[in-house]
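If you read the protein sequences in the order shown, they are chains A and B.
According to this note's numbering, the first sequence is numbered sequentially starting from 20.
According to this note's numbering, the second sequence is numbered sequentially starting from 14.
To be clear, the hints were calculated from the coordinates, so they are not data collected in a lab.
You may find that some hints are simply not true.
Said to hold, decoys possible - Taking CB as the label site, the calculated pair distances span: (1) 96(B) / 37(A): 47 to 55 angstroms; (2) 96(B) / 81(A): 41 to 49 angstroms; (3) 37(A) / 81(B): 41 to 49 angstroms; (4) 116(A) / 77(B): 13 to 21 angstroms; (5) 26(A) / 53(B): 33 to 41 angstroms; (6) 115(A) / 66(B): 17 to 25 angstroms; (7) 20(A) / 30(B): 32 to 40 angstroms; (8) 96(B) / 31(A): 16 to 24 angstroms.
Think of the CB as a built atom: it goes at the ideal place given N, C-alpha and C, for glycine as much as any other residue.
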Amino acid sequence: GQQVMQIPQYQHVQEGEDFTTYCNSSTTLSNIQWYKQRPGGHPVFLIQLVKSGEVKKQKRLTFQFGEAKKNSSLHITATQTTDVGTYFCAGWERGAQKLVFGQGTRLTINP
Amino acid sequence: GAVVSQHPSRVICKSGTSVKIECRSLDFQATTMFWYRQFPKQSLMLMATSNEGSKATYEQGVEKDKFLINHASLTLSTLTVTSAHPEDSSFYICSARDLAPAYEQYFGPGTRLTVT
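All chains, please: the whole structure from these sequences, using the hints.
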């Protein structure tokens with residue numbers, strides 16, 4: 020079945036440094052979604068990417084969807100302590116009609 | 014944005030008892046709801062897809078008779094953990110899919126189940 024791999028598993032940065040998490044799917048995706056889960060909380064939808072090569076920005080966050088629609092990345096510029104949490108990518112495979120989550124990247128920040 | 018509620022937020026039960034968790038979409042109709050399980054510091058594992066008015070579709074390895082799902086209306090799905098055991102202790106999260114924008118899922122706050 021479809022697998023979504025996400026790296027790194029953990030990332031610790033100094034406040035102000037950049038952060039990137041990468042996501043790879045074993046199959047071509049209809050779309051990919053990104054979620055953020057704060058410690059003790061539930062996943063919160065950040066964005067959805069649909070088009071091949073798509074790039075979207077939300078303030079300091081930049082999301083990319085690969086040309087082959089099998090990989091994606093989330094880049095945070097100049098991290099802040101409010102960015103702490105686990106970032107999940109989730110791929111939507113049309114045939115399966117369900118989201119498959121990556122393992123998540125847990126971001127911690129040294130103030 | 015759309016809101017999904019879950020009840021209860023926390024529950025502690027004794028081994029062998031059953032626990033029902035409710036998932037509601039508050040301001041939209043959800044023909045499809047999803048039930049996930051999340052162990053500490055791990056990702057979300059899809060347990061089943063719940064469709065209004067029809068039987069749920071369970072993922073491989075998930076026991077249908079142990080995790081009973083009912084999607085009686087467009088705004089309510091329930092998950093019943095029957096004859097709970099300590100290994101069922103986990104964080105259970107539901108999500109609901111709105112019709113528009115397509116594919117966007119809204120997650121409930123989760124239910125922390127502890128079986129003693």
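Do the hints match the structure? See the list:
1. 96(B) / 37(A): 47 to 55 angstroms: holds (49 angstroms)
2. 96(B) / 81(A): 41 to 49 angstroms: Given about 48 angstroms between the Cβ atoms, the range holds.
3. 37(A) / 81(B): 41 to 49 angstroms: holds (46 angstroms)
4. 116(A) / 77(B): 13 to 21 angstroms: Cβ of residue 116(A) to Cβ of residue 77(B): about 19 angstroms, so the range 13 to 21 angstroms holds.
5. 26(A) / 53(B): 33 to 41 angstroms: Roughly 20 angstroms apart at Cβ, these two residues miss the hinted range, so it is violated.
6. 115(A) / 66(B): 17 to 25 angstroms: holds (21 angstroms)
7. 20(A) / 30(B): 32 to 40 angstroms: holds (33 angstroms)
8. 96(B) / 31(A): 16 to 24 angstroms: violated (42 angstroms)
Of the numbered hints stated above, those contradicted by the structure are hints 5 and 8, listed in ascending order.
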